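Trainee: Using the hints provided, position chain L relative to the given structure of chain F.
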Amino acid sequence: MEKSLFRYIWTHSRRDQLIVCAVVLASLPFYFMSLDLPRQIVNQAIQGEAFREGNPTAPFLHLTYDWPVWLGGGTLEIFEGFQVTRIGLLMGLSLLFLFFVVVNGAFKYWINVEKGILGERMLRRMRFDLFSMVLRFTPEALRTVKSSETATIIKDEVEPIGGFIGDAFITPIFLGTQAITALLFIMVQNVWLGLIALAVIAIQFIIIPRLRRELLRLGRQRQLASRQLAGRIAEVLDGIEVVHVHNAYNWERAEIGHRLFDLFTVRLKIYNRKFFVKSLNNFLAQLTPFFFYAVGGYFALRGTLDIGQLVAVIAAYRELPPPLKELIDWDQQRLDVQVKYDQVTQHFAEERLGPMVEARQDEEEDTPLVGPLVGEGIRVAGPHGDMIIEGGAFAVDLPASVALISNGGTAASMMARIVARRTTEFSGQLRIGDRDLLQLPHAVAGRRIAYAGVDPILFPGSIRDNLIYGLRSKPLGKVVESKRDMDRRIAEALRTGNPLESISDQWVDYKRIGAKDENDLDRILIDLLERIGMGDTIYLLGLAGWIDPARDSALAGRLVEARQRLRETFRSNGMSDLVEPFDPERYNSQATIAENLLFGVPISDEFKGRQLAENAQFRSAIRRAGLTDGLVRMGLQIAETMTEIFEGLPPGHSLFEQFSFIGAEELPEYQKILRRYARGEGHLRREDRTRLLALPLAYVEARHRLGLLDDGMTDRIVGARGLVREVLEKADPEGVEFYDPEKICAAAPLRDNLLFGRVSYQVANARARVAQAVATVIRELDLLEDVQRIGLDYDVGTAGRLLSPQERASVNLVRCLVKRPDILVVDGALAPFDEARGQQLMQLLLQFFQQQSLFMVLPNDRQAGAFDVQMRFRDGQIIIDNTAHPPLGRAKPGPEAERITGEVA
Amino acid sequence: MTLETEVQSLRQVPMFRDVDPARLKLLAFTSERVQFAGGQRFFSQGDPSDAAYVILDGRASVLLHTPGGDIQVAELGSSALVGEMGILSDTPRSATIMATEPTTALRIDKRVFLELLAQFPQMSLAIMRELAKRLERTNAQLVAQSSA
Numbered sequence: 001m002e003k004s005l006f007r008y009i010w011t012h013s014r015r016d017q018l019i020v021c022a023v024v025l026a027s028l029p030f031y032f033m034s035l036d037l038p039r040q041i042v043n044q045a046i047q048g049e050a051f052r053e054g055n056p057t058a059p060f061l062h063l064t065y066d067w068p069v070w071l072g073g074g075t076l077e078i079f080e081g082f083q084v085t086r087i088g089l090l091m092g093l094s095l096l097f098l099f100f101v102v103v104n105g106a107f108k109y110w111i112n113v114e115k116g117i118l119g120e121r122m123l124r125r126m127r128f129d130l131f132s133m134v135l136r137f138t139p140e141a142l143r144t145v146k147s148s149e150t151a152t153i154i155k156d157e158v159e160p161i162g163g164f165i166g167d168a169f170i171t172p173i174f175l176g177t178q179a180i181t182a183l184l185f186i187m188v189q190n191v192w193l194g195l196i197a198l199a200v201i202a203i204q205f206i207i208i209p210r211l212r213r214e215l216l217r218l219g220r221q222r223q224l225a226s227r228q229l230a231g232r233i234a235e236v237l238d239g240i241e242v243v244h245v246h247n248a249y250n251w252e253r254a255e256i257g258h259r260l261f262d263l264f265t266v267r268l269k270i271y272n273r274k275f276f277v278k279s280l281n282n283f284l285a286q287l288t289p290f291f292f293y294a295v296g297g298y299f300a301l302r303g304t305l306d307i308g309q310l311v312a313v314i315a316a317y318r319e320l321p322p323p324l325k326e327l328i329d330w331d332q333q334r335l336d337v338q339v340k341y342d343q344v345t346q347h348f349a350e351e352r353l354g355p356m357v358e359a360r361q362d363e364e365e366d367t368p369l370v371g372p373l374v375g376e377g378i379r380v381a382g383p384h385g386d387m388i389i390e391g392g393a394f395a396v397d398l399p400a401s402v403a404l405i406s407n408g409g410t411a412a413s414m415m416a417r418i419v420a421r422r423t424t425e426f427s428g429q430l431r432i433g434d435r436d437l438l439q440l441p442h443a444v445a446g447r448r449i450a451y452a453g454v455d456p457i458l459f460p461g462s463i464r465d466n467l468i469y470g471l472r473s474k475p476l477g478k479v480v481e482s483k484r485d486m487d488r489r490i491a492e493a494l495r496t497g498n499p500l501e502s503i504s505d506q507w508v509d510y511k512r513i514g515a516k517d518e519n520d521l522d523r524i525l526i527d528l529l530e531r532i533g534m535g536d537t538i539y540l541l542g543l544a545g546w547i548d549p550a551r552d553s554a555l556a557g558r559l560v561e562a563r564q565r566l567r568e569t570f571r572s573n574g575m576s577d578l579v580e581p582f583d584p585e586r587y588n589s590q591a592t593i594a595e596n597l598l599f600g601v602p603i604s605d606e607f608k609g610r611q612l613a614e615n616a617q618f619r620s621a622i623r624r625a626g627l628t629d630g631l632v633r634m635g636l637q638i639a640e641t642m643t644e645i646f647e648g649l650p651p652g653h654s655l656f657e658q659f660s661f662i663g664a665e666e667l668p669e670y671q672k673i674l675r676r677y678a679r680g681e682g683h684l685r686r687e688d689r690t691r692l693l694a695l696p697l698a699y700v701e702a703r704h705r706l707g708l709l710d711d712g713m714t715d716r717i718v719g720a721r722g723l724v725r726e727v728l729e730k731a732d733p734e735g736v737e738f739y740d741p742e743k744i745c746a747a748a749p750l751r752d753n754l755l756f757g758r759v760s761y762q763v764a765n766a767r768a769r770v771a772q773a774v775a776t777v778i779r780e781l782d783l784l785e786d787v788q789r790i791g792l793d794y795d796v797g798t799a800g801r802l803l804s805p806q807e808r809a810s811v812n813l814v815r816c817l818v819k820r821p822d823i824l825v826v827d828g829a830l831a832p833f834d835e836a837r838g839q840q841l842m843q844l845l846l847q848f849f850q851q852q853s854l855f856m857v858l859p860n861d862r863q864a865g866a867f868d869v870q871m872r873f874r875d876g877q878i879i880i881d882n883t884a885h886p887p888l889g890r891a892k893p894g895p896e897a898e899r900i901t902g903e904v905a
Numbered sequence: 001m002t003l004e005t006e007v008q009s010l011r012q013v014p015m016f017r018d019v020d021p022a023r024l025k026l027l028a029f030t031s032e033r034v035q036f037a038g039g040q041r042f043f044s045q046g047d048p049s050d051a052a053y054v055i056l057d058g059r060a061s062v063l064l065h066t067p068g069g070d071i072q073v074a075e076l077g078s079s080a081l082v083g084e085m086g087i088l089s090d091t092p093r094s095a096t097i098m099a100t101e102p103t104t105a106l107r108i109d110k111r112v113f114l115e116l117l118a119q120f121p122q123m124s125l126a127i128m129r130e131l132a133k134r135l136e137r138t139n140a141q142l143v144a145q146s147s148a
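Chains F and L supply the protein sequences, listed in that same order. Each residue of the first sequence is one higher than the one before, counting from 1 in our numbering. Each residue of the second sequence is one higher than the one before, counting from 1 in our numbering.
Bound-form chain F, shown alone (with noise of 0.2 Å):
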């Protein structure tokens, strides 16, 4: 980025400046129109000076020009006007008044939106600048960069500079040529006192700023101070694990407090400052009169000015300080705004930075990595400056399955950075073929070269979006958008350098791997973690998960199928007594009341949980069907034993949160509600029933044994479900989605749909069985890949988060293996696996890349026997030794199996 936000602003924005500016300068004279038009209609309608000599009329518009006197002089008359009587001429210049004052609105009004606009257009440009830097941040300089810190700079630091940049020409130019006509103006009357005018203003542009130097080193420091504030807040909320581990809040918070303290002192600097700096330019503002009634009086009691010209001096005057203000103040936050820009520029300081990102990639150098990879001289140096590995030297042929066997140290895991290109800590040649490895284009080298770390990095969304993510290097078919929606989208995104490429169009490179469409490739993702031992977890993820019946219809029917299957299956099998299936004309004593009530299942968070009990529509719906005094007495009930037997149990005892109605924190309240309670019915609140009721809803007969539940009580139940469907339909259609045999529900998981009833509380093992039951059903109706496509959809959550690691580790291996790189390098990965586990994943690794190339980090010798190379590192040497027989009878490819390579690849 350039250094100097000026050269910035101008180097990209000059064609607009340039324009708003010309709009600025062509719009002035309708300004001093529309300020002289006033004395026009005083003097001339009102006054009549127009008049003076008796003529019942005066000519209206009447337009002349007079050539300047070294053109020779003389006047041109362009129009003769209209003549028009005094109430005419009256009614004639108030119109035009009014003409001026809106021609004025409509320029004020356009300049004020171009200038918006052309500073929102710098603002996303500058944006997408900073992102396609941090795009850039070398390895090294990722170690310091702090992501929290970045975020801010680039969504809150630029924000005032984008609003700066509309005025950062214009202003000054708009408010400097006001203030020099004024002045010209004064000079004009009498030198002396424009000379003296100039002079307070000289000092005011001489002082003023050099104040300021104080306020902007403050400027300086706040931003720091406001951006680790930023960085710190989000490193506490990342590691907020070790801060509840080690009890550290009481020093997070003084440390917090101690960084609030410093902004405050330093803001407190600023604002003092600000505020002298302001009255001091006042006080020189106010200074200028004085010297002119002072000395401007002095001439003219001597006589040598008159004491119109010292009035219309002090009239012009007046007229000076406020653009002069307006510019004081624009250098204000010129300044202001400089600082930020260098605080910035400096956070993305070239030295931090890698080579651009090149968006064309060459075609013809993308050939697969094959042939004999040769190191030559490396060196790698250590953090302390101890040498990890010193005048390292090999040759291994690729491709082949080579073992980097650590010797305890890093240097094993060093190499296989280098390999990767993921590190450019030092120095030495890597050599391909013919081609340096790390002069090799991203692009090539991205979708040839995979590595998989320690770290499994996973972006939120869904599982499958994370598999595809090294797919997506280029758009390769556009999906249709309106033509003026994409013309509108690309012109701005010229107008702004931004990238022209839509994510809507299809990204992914199915050809690459094989695949036909989507379908094929959710196949060879699904096929892909099956073989890495994820296949059961995707299946149950995909059964936790929902369908959208309008999308996939098909699926639906097959669905409802699946699930009339499912039912025949436990009947014919005995298994009647295992899922109570949900029946509009019966209680269903394995679920919850409120799930009885409504026979469906809320979409809308006030029907969830306790909020239905708080839901006016619904209670009234209840009440309509006589069952709140009902309900309210189970609430008592459930109150009464609860607060009975979890009592002595300390607040947020797991118990709690596992088996109570009520909360730790609510059960004192709950008892207060029983003391009322027993001092009278009447003496219960109308909010104590409302929490009374909540406590029913979520009783299940089956499971929580309180015995409240009688044959009239759940008839009732079961005849309150049509008034409540009606009342809350009419409430919101959208709230709750009603269960129907015959269709699915898009509101409950797919596993619900499937049995479309509870698993029986009551039945020992009946889960297990049930969930065998349903996977056979699944497996016969062909349905396992759909289940398993959905449970592709299943979102990993934050950084994976609601992965375990070992998922996590997979997804993160799956990704690499589906781009089929050329080089594979594996470097940590499997650590998240136990030792069994790890050990089948790298034999199914070797299997992977027979015809490929896999460097893998072992931590000792022990399986290093079934790759094709170990790569040895001792006293800073590399040591290279060969299988003489690979174990998985590895045929090295001959020209046959380099072509298959090829067409993979």
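To be clear, the hints were calculated from the coordinates, so they are not data collected in a lab. Values in this document were obtained by computation on a predicted structure and should not be read as measured data.
The calculated EDC-like cross-link candidates involving lysine to aspartate or glutamate, where the alpha carbons are at most 16 Å apart (straight line), are:
# : chain 1 : residue 1 : chain 2 : residue 2
1 : F       : Lys-483   : F       : Asp-505
2 : L       : Lys-25    : F       : Glu-644
3 : L       : Lys-25    : F       : Glu-640
4 : F       : Lys-474   : F       : Asp-505
5 : F       : Lys-483   : F       : Glu-501
6 : L       : Lys-25    : F       : Glu-647
7 : L       : Lys-133   : L       : Asp-18
8 : L       : Lys-110   : L       : Asp-50
9 : F       : Lys-474   : F       : Asp-366
Mentor: Just chain L now, kept in the frame of chain F:
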């Protein structure tokens, strides 16, 4: 059958005889009532110990796995507590328990049980007393056997 009747059944178990009624209610509430069909196993020998059971209704036999097949060593009826040793000593199941007829039992989850013990010393004491009594009985049996 409701929570109250389960509490009555728990009271019949020697180990829980001295435990406070409110605690027994909590124990019952945090347990699950499950039904076993005749021939269905509570658990098998060698399984990890994850729960103890109190038979509320029905009968179950205790089977030991031998090279010659499973042999029945005991039969359990109402109010019998089974599987508690495994969850206390954290060892795998030492025998197989199989329902001989449709049987209802209260399943006490290991984690919940241990938490209750940790929380209420009075409960732990009652358990210890019962274990001590058992040890005493075993000693007495040993003495009787060796003297016989």
